[in-house]
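Chains as they are written, first to last, in the numbering used here: chain A, 1 to 62; chain B, 1 to 489.
Keep in mind that a hint or two might mislead.
[Claimed, not checked] Keeping only pairs whose Cα atoms sit at most 30 Å apart, straight-line, the calculated DSS-like set for lysine-lysine is:
#, chain 1, residue 1, chain 2, residue 2
1, B, K155, A, K25
2, A, K27, B, K155
3, B, K35, B, K364
4, B, K155, B, K375
5, B, K155, B, K35
6, A, K48, A, K59
7, B, K155, A, K31
8, A, K31, A, K48
[To be verified] Negatives, chain A to chain B, calculated, CB over 12 Å:
#, residue
9, L7
10, G11
11, A13
12, I14
13, Q15
14, K27
15, G45
16, E50
17, K53
18, E55
19, K57
20, G58
21, K59
22, S60
[Claimed, not checked] Some chain B residues near chain A, calculated using beta-carbon distances under 7 Å:
#, residue
23, I74
24, H94
25, G95
26, I96
27, I207
28, G255
These are computed hints drawn from the structure, not numbers from a lab. Using N, Cα and C, we set each Cβ at its ideal position, and we do this for glycine too.
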Amino acid sequence: MVRSGPLPPYGEAIQQAVASGDLAKMKAVAKDAEAFLARAGTALGALKTEIAKLEKKGKSRK
Amino acid sequence: MDAAGEPARLNSAADLLARVPVHVVWEITLACNLKCQHCGSRAGRPRPDELTTAECLDVVRRLARLGTREITLIGGEAYLRSDWTEIVREIRRHGIYCAVQTGGRNFTERRLAAAVAAGLQGLGVSIDGPPELHDRLRGVPGSYAMAIDALVRAKAAGLRTSANTTIGRQTLEHLPAILERIAAAGVTHWQLQLTVAMGNAVDHDDILLQPYQLRELMPLLADLYHQGMDRGVLLMMGNNVGYFGPYEHLWRGHGAEAEHWTPCTAGQTVIGLESDGTLKGCPSLATEGYAGGNVRNLPLEEIWLHSERLHAGRVHSVEDLWGFCRGCYYAEACRGGCTWMADSLLGRPGNNPYCHYRVLELEKRGLRERVVKTKDAPDRAFAIGEFALVTEPIPGVAAARGTVAAAEPRSGRPDRPPAAGGPPPILALCRACDCFVWPDEVACPHCGADLAAAAAAWEEDVRRRAGLVAELERLMEDARSGPIPAAVG
Chain A
1 MVRSGPLPPY GEAIQQAVAS GDLAKMKAVA KDAEAFLARA GTALGALKTE
51 IAKLEKKGKS RK
Chain B
1 MDAAGEPARL NSAADLLARV PVHVVWEITL ACNLKCQHCG SRAGRPRPDE
51 LTTAECLDVV RRLARLGTRE ITLIGGEAYL RSDWTEIVRE IRRHGIYCAV
101 QTGGRNFTER RLAAAVAAGL QGLGVSIDGP PELHDRLRGV PGSYAMAIDA
151 LVRAKAAGLR TSANTTIGRQ TLEHLPAILE RIAAAGVTHW QLQLTVAMGN
201 AVDHDDILLQ PYQLRELMPL LADLYHQGMD RGVLLMMGNN VGYFGPYEHL
251 WRGHGAEAEH WTPCTAGQTV IGLESDGTLK GCPSLATEGY AGGNVRNLPL
301 EEIWLHSERL HAGRVHSVED LWGFCRGCYY AEACRGGCTW MADSLLGRPG
351 NNPYCHYRVL ELEKRGLRER VVKTKDAPDR AFAIGEFALV TEPIPGVAAA
401 RGTVAAAEPR SGRPDRPPAA GGPPPILALC RACDCFVWPD EVACPHCGAD
451 LAAAAAAWEE DVRRRAGLVA ELERLMEDAR SGPIPAAVG
């Protein structure tokens with residue numbers, strides 16, 4: 001058994017502790033996914049802009 | 001961190017059996033440049049007989065031999081001692097994690113650079129409110145700005161940074177703002193504790209939270225815990241915050257919900273050391289009645305391993321409990337919460353009105369408790385006064401039926417050697433109401449739920465959540481690493 005032990009008020013917080021548990025894991029994965037989707041969304045938007053430019057250019061040459 | 005990647009301060013069963021002083025909180029000087037209204041040690045001037053540099057270095061070597069893994073230097077203000085970085089260097093030379101807990105006033109660039117060069121790893125800074133309140137409580141205009149500045153600069157210099165907040169009557173409403181500010185300063189860990197009726201806080205008893213205010217405080221702390229998780233700040237409750245109410249599962253395990261409060265371990269894995277060499281089982285406890293000896297008179301190892309005084313004062317069994325705590329459902333698992341809190345307030349551990357479960361139970365009877373100072377504290381470090389505990393009907397609520405309990409008379413502390421040790425009781429968590437129960441319960445005594453059915457439903461929830469997490473992780477991994485399968489058709 002491993003426990004954090006007492007947290008005497010005159011001492012500092014356990015500065016090396018890392019949040020654990022289901023909720024922390026779920027929040028971490030959700031945050032990763034949101035960041036991934038944001039990056040993908042930005043890149044997708046930029047790509048669509050380039051596609052539109054090319055298509056517009058192609059049409060103007062017809 | 002140790003080799004296994006765990007925080008140095010985590011205790012194992014082996015630590016308990018071998019009596020390893022895992023964490024030492026060391027007041028290296030009582031000199032201080034703040035005038036805090038709640039200071040238990042009444043810091044200001046150095047003690048007349050503080051340990052010399054050579055004696056301090058010898059203490060470090062002895063602690064290292066005993067297996068100490070973390071030392072927190074405090075004061076007063078630790079860096080007002082001219083040799084403080086020499087002590088830090090010696091601690092680090094032995095591979096011990098070293099942090100300083102500070103008020104942050106005049107923690108100059110020169111001091112920070114010297115600390116980093118000596119190997120300091122962490123800085124904890126006290127933040128007790130927004131600027132006006134913090135400066136008033138700390139007794140020095142501008143101290144808030146200096147404290148925040150110390151946090152920001154320490155973080156930039158590569159130190160781990162944490163904040164400590166003492167919760168008093170005036171602090172409560174400002175806790176959300178404090179979280180905002182320390183998160184912005186890059187703090188990753190926030191320890192909260194209640195202001196204790198000791199030293200200067202007895203002189204300024206108007207700053208003390210009333211026990212019944214836990215009804216308001218604890219849901220707020222639970223909300224801040226979740227907010228903190230979103231902001232990258234891990235909230236930790238000091239020993240005197242609890243116990244066993246509906247949020248206990250949030251406070252002790254850093255997310256591991258099965259962890260709960262266990263009885264005071266003063267003198268088992270923690271040492272409190274005063275600047276004149278006085279050894280205690282907890283840095284917060286009063287010197288009188290709890291001092292185990294002085295390293296100038298006896299080898300530190302001998303005091304630690306053999307002084308009964310380090311253990312005598314705390315509660316060893318239900319027999320030592322009194323008042324509400326004596327008849328509490330959690331009596332054996334809790335033993336009255338923090339020894340320091342109860343002893344400072346009522347002159348004897350074992351009856352602690354600062355308990356969320358107790359507040360909620362009394363509320364069911366239309367009652368609440370408040371404390372009233374009846375005697376000032378002497379003018380010395382870690383001195384306690386006297387308080388009366390008043391139980392009264394909650395204003396605006398129909399008068400309680402039955403008797404209104406009067407506070408029991410004060411008497412001496414239990415004064416006997418520790419009983420044979422054993423592992424602390426481990427309770428189970430009711431998955432219907434999130435309150436802890438004794439493991440042999442069938443129905444939850446708090447909400448009436450069928451505990452086995454609630455556990456089965458919770459396990460099903462856990463499986464479903466784990467499946468969603470795994471699916472999302474797999475999708476992200478596929479998108480990052482693999483070629484996207486070509487569409488057919």
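Evaluated hints:
no.: 1; hint: B:K155 x A:K25; result: 25 Å, holds
no.: 2; hint: A:K27 x B:K155; result: 25 Å, holds
no.: 3; hint: B:K35 x B:K364; result: 41 Å, violated
no.: 4; hint: B:K155 x B:K375; result: 43 Å, violated
no.: 5; hint: B:K155 x B:K35; result: 26 Å, holds
no.: 6; hint: A:K48 x A:K59; result: 16 Å, holds
no.: 7; hint: B:K155 x A:K31; result: 24 Å, holds
no.: 8; hint: A:K31 x A:K48; result: 25 Å, holds
no.: 9; hint: L7; result: 5 Å, violated
no.: 10; hint: G11; result: 4 Å, violated
no.: 11; hint: A13; result: 4 Å, violated
no.: 12; hint: I14; result: 5 Å, violated
no.: 13; hint: Q15; result: 4 Å, violated
no.: 14; hint: K27; result: 6 Å, violated
no.: 15; hint: G45; result: 17 Å, holds
no.: 16; hint: E50; result: 19 Å, holds
no.: 17; hint: K53; result: 24 Å, holds
no.: 18; hint: E55; result: 21 Å, holds
no.: 19; hint: K57; result: 26 Å, holds
no.: 20; hint: G58; result: 23 Å, holds
no.: 21; hint: K59; result: 26 Å, holds
no.: 22; hint: S60; result: 30 Å, holds
no.: 23; hint: I74; result: 6 Å, holds
no.: 24; hint: H94; result: 18 Å, violated
no.: 25; hint: G95; result: 14 Å, violated
no.: 26; hint: I96; result: 13 Å, violated
no.: 27; hint: I207; result: 15 Å, violated
no.: 28; hint: G255; result: 3 Å, holds
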